[in-house]
Amino acid sequence: MAAVASCGSGAGSTGSAVATASKSNVTSFQRRGPRASGTNDSGPRLVSIAGTRPSVRNGQLLVSTGLPALDQLLGGGLAIGTVLLIEEDKYNIYSPLLFKCFLAEGIVNGHTLLVASAKEDPANILQELPAPLLDDNSKKEFDEDVYNHKTPESNIKMKIAWRYQLLPKMEIGPVSSRFGHYYDASKRIPQELIEASNWHGFFLPEKISSTLKVEPCSLTPGYIKLLQFIQNIISEEGFDGSNPQKKQRNVLRIGIQNLGSPLWGDDICCAENGSNSHSLTKFLYVLRGLLRTSLSACIITMPTHLIQNKAIIARVTNLSDIVIGLESFIGSERETNPLYKDYHGLIHIRQIPRLNNLICDESDVKDLAFKLKRKLFTIERLHLPPDLSDTVSRSSKQDLAESTKRLGPGCGMMAGGKKHLDF
Amino acid sequence: MLDSLLSLGGLVLLRDSVEWEGRSLLKALVKKSALCGEQVHILGCEVSEEEFREGFDSDINNRLVYHDFFRDPLNWSKTEEALPGGPLGALRAICKRTDPGPVTIALDSLSWLLLHLPCTTLCQALHAVSHQDSCPGDSSPVGKVSVLGLLHEELHGPGPVGALSSLAQTEVTLGGTKGQASAHILCRRPRQRPTDQVDPTTHLTFNLHLSKKEREARDSLILPFQFSSEKQQALLRPRPGQATSHIFYEPDAYDDLDQEDPDDDLDI
Numbered sequence: 001m002a003a004v005a006s007c008g009s010g011a012g013s014t015g016s017a018v019a020t021a022s023k024s025n026v027t028s029f030q031r032r033g034p035r036a037s038g039t040n041d042s043g044p045r046l047v048s049i050a051g052t053r054p055s056v057r058n059g060q061l062l063v064s065t066g067l068p069a070l071d072q073l074l075g076g077g078l079a080i081g082t083v084l085l086i087e088e089d090k091y092n093i094y095s096p097l098l099f100k101c102f103l104a105e106g107i108v109n110g111h112t113l114l115v116a117s118a119k120e121d122p123a124n125i126l127q128e129l130p131a132p133l134l135d136d137n138s139k140k141e142f143d144e145d146v147y148n149h150k151t152p153e154s155n156i157k158m159k160i161a162w163r164y165q166l167l168p169k170m171e172i173g174p175v176s177s178r179f180g181h182y183y184d185a186s187k188r189i190p191q192e193l194i195e196a197s198n199w200h201g202f203f204l205p206e207k208i209s210s211t212l213k214v215e216p217c218s219l220t221p222g223y224i225k226l227l228q229f230i231q232n233i234i235s236e237e238g239f240d241g242s243n244p245q246k247k248q249r250n251v252l253r254i255g256i257q258n259l260g261s262p263l264w265g266d267d268i269c270c271a272e273n274g275s276n277s278h279s280l281t282k283f284l285y286v287l288r289g290l291l292r293t294s295l296s297a298c299i300i301t302m303p304t305h306l307i308q309n310k311a312i313i314a315r316v317t318n319l320s321d322i323v324i325g326l327e328s329f330i331g332s333e334r335e336t337n338p339l340y341k342d343y344h345g346l347i348h349i350r351q352i353p354r355l356n357n358l359i360c361d362e363s364d365v366k367d368l369a370f371k372l373k374r375k376l377f378t379i380e381r382l383h384l385p386p387d388l389s390d391t392v393s394r395s396s397k398q399d400l401a402e403s404t405k406r407l408g409p410g411c412g413m414m415a416g417g418k419k420h421l422d423f
Numbered sequence: 001m002l003d004s005l006l007s008l009g010g011l012v013l014l015r016d017s018v019e020w021e022g023r024s025l026l027k028a029l030v031k032k033s034a035l036c037g038e039q040v041h042i043l044g045c046e047v048s049e050e051e052f053r054e055g056f057d058s059d060i061n062n063r064l065v066y067h068d069f070f071r072d073p074l075n076w077s078k079t080e081e082a083l084p085g086g087p088l089g090a091l092r093a094i095c096k097r098t099d100p101g102p103v104t105i106a107l108d109s110l111s112w113l114l115l116h117l118p119c120t121t122l123c124q125a126l127h128a129v130s131h132q133d134s135c136p137g138d139s140s141p142v143g144k145v146s147v148l149g150l151l152h153e154e155l156h157g158p159g160p161v162g163a164l165s166s167l168a169q170t171e172v173t174l175g176g177t178k179g180q181a182s183a184h185i186l187c188r189r190p191r192q193r194p195t196d197q198v199d200p201t202t203h204l205t206f207n208l209h210l211s212k213k214e215r216e217a218r219d220s221l222i223l224p225f226q227f228s229s230e231k232q233q234a235l236l237r238p239r240p241g242q243a244t245s246h247i248f249y250e251p252d253a254y255d256d257l258d259q260e261d262p263d264d265d266l267d268i
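First to last, the sequence lines map onto chains A and B. For the first sequence, the UniProt record's numbering assigns the number 1 to the initial residue and increments by one for each residue that follows. For the second sequence, the UniProt record's numbering assigns the number 1 to the initial residue and increments by one for each residue that follows.
Hints in this document: simulated from the structure, not taken from any laboratory. Hints may be right or wrong, so weigh each one.
The calculated lysine to aspartate or glutamate pairs, modelled on DMTMM-like cross-linking and capped at a C-alpha distance of 25 angstroms, are [stated by the list, open to error]:
1) A:Lys90 x B:Glu154
2) B:Lys144 x A:Glu128
3) A:Lys366 x A:Glu380
Far from chain A, by Cβ distances over 10 angstroms, these chain B residues were calculated [as the list claims (entries may be wrong)]:
4) Trp20
5) Arg63
6) Ile185
7) Thr205
All C-beta atoms in this analysis are idealised placements derived from N, C-alpha and C, irrespective of residue type, glycine included.
Produce the entire structure from the sequences given, and follow the hints as far as they go.
See the structure below:
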């Protein structure tokens, strides 16, 4: 693993600044000899940051997105130095949940957060983060007495299971060693975790008080301020390796909400050929430059269904690394389609990056649907319902056959064309 | 229906068209708010003040605070009662008011404002006004703000209409067929917390609860392998050769951590 980690830090390559970028490091091949002297600087050492792990495919350092199901689909997680773009669903119901899971994962792992929004105060966003699921699977079987079940202390007097009284409880502390946690969407994160974390907020109405004159072909003032803010945080807290830290290295998680909406001062959602239609693409370009040279990962949610100029959407997709589109069934005609009745929407993985690679790690499952259960947000492969009964009328079978024509070959082989063949 | 539209607060977008006009619905909502005792401000840009006030009783008319931008929108007559900053300045001035209590602001119409102001500025101003009550820690407790905006759909492209509807809490689209008007209402509620679970032990034909005596009897029952407390302590004390155990469990992809009822997909 040490060799894998140090290979990734060639000059000019993306992300993966795992080994310290010291000036004496000329070659990326390092002797893995015994470190008898216990060196504390000079010479690359395998720095392990909480909540990260190297990818088994290409050696990039990955962080979890907060949803283990999504991590699996993206090849293990989100690579450090990359941008995850989420195209919001039409009524903006499910994309905030993904956004919040990403931030909650940062808090649970002890990463530094940077939350930027033009709509809500970042402090309010942090209050609404979902709570991490406590893992008490092994405790469930032992709790026979209902009174003992309610009290949380570990030294309570257990009546039947008294042998397990002194067993240490499993908890998720402020910094967890696991990669990828499950979150309970119906509960809020405990206040102590938020207070123990290090976060920075950027709320646009506070930073910009008056409207400034904008020259054409430049960034809107909101974007300029946000880029300056991000750059300040990165350089002050040393995420780009500028001041060699003696203390533990950490990852910066950046979350930007509703980028491109009119509340940021950008008019790509209002007009097809606005005065500064290149503002958003320039912002993404500069942001990616900032991310590639620092230990940070970014999530952006964007209301792409409002963007009037389709060329801008294509450019935005090219400028981001991972692009995921959410399509919810609310209000559309798919809501009544029996194929989709168990799910709340579809997830489209539109782009996966090629980082230091010639091929990208795409999964062969292309038909994915998501469902927000009472507590968990799950992503599953879309299955055709089993064709059990003979009394199902032909017309409904035709409908299913029609809708499966759009699905990829990874789905069941049942209905391939318009005609339903009986054997 | 009018109550439900006003109860959520935030921006209420009334989309009308040439065939189904929405000003009467706007006036009905204004009348309802005035009767509820709220402060009502009207930014009149499209029709004259007399025409807007037509149809209201005198007591309602006395309660309405009318800001007139129809007669002299560019302030050419330079009178003192003209408000600085145009309609947006008036909106911000209403924002800065210090007296608590719910406020309703009626914008007649958003189409006029969209034609005179850049869309982004208008969106930012509307967001600032309608979300003023949701920021905690303010010095003055501000009441709920409702902003009623009348938008003529046919005057604008899909861009501004989409941008405004994404900001709106409630959207009412007026339509209809053959002389019968209908309104299609779309509410974006912030995601509600799930309500507490209904207690399943009510309304049963058998008794699941324990009386006090039964509970005492149950507690005093001696169970097998339930030793006296001295023996328990003796067994629990870690022996000298025994190390304390730590459990580190990391569930992998096959573990189902969903504690929901696994049978909830049964179709009974």
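Quickly compare the C-alpha distance for Lys366 of chain A and Glu380 of chain A to 25 angstroms and report which way the hint goes.
Given pair Lys366 of chain A, Glu380 of chain A holds - Cα atoms ~11 angstroms apart, limit 25 angstroms.
Is the nearest Cβ of chain A still more than 10 angstroms from the Cβ of Trp20 of chain B?
Its Cβ never comes within 10 angstroms of chain A, the nearest being 21 angstroms, so this holds.
Is the Cβ of Thr205 of chain B farther than 10 angstroms from every Cβ of chain A?
The assertion about Thr205 of chain B holds, with a minimum of 23 angstroms to chain A.
25 angstroms limit on alpha-carbon distance, applied to hinted pair Lys90 of chain A and Glu154 of chain B
holds (22 angstroms)
Does the structure keep Lys144 of chain B and Glu128 of chain A at a Cα separation of 25 angstroms or less?
Holds, at about 21 angstroms.
For Ile185 of chain B, is the shortest beta carbon distance to chain A beyond 10 angstroms?
For Ile185 of chain B, whose nearest Cβ neighbour in chain A is about 13 angstroms away, the distance exceeds 10 angstroms, so it holds.
For Arg63 of chain B, is the shortest beta carbon distance to chain A beyond 10 angstroms?
Answer for Arg63 of chain B: holds, closest chain A Cβ roughly 31 angstroms.
In terms of the numbered hints stated before, the structure departs from none.
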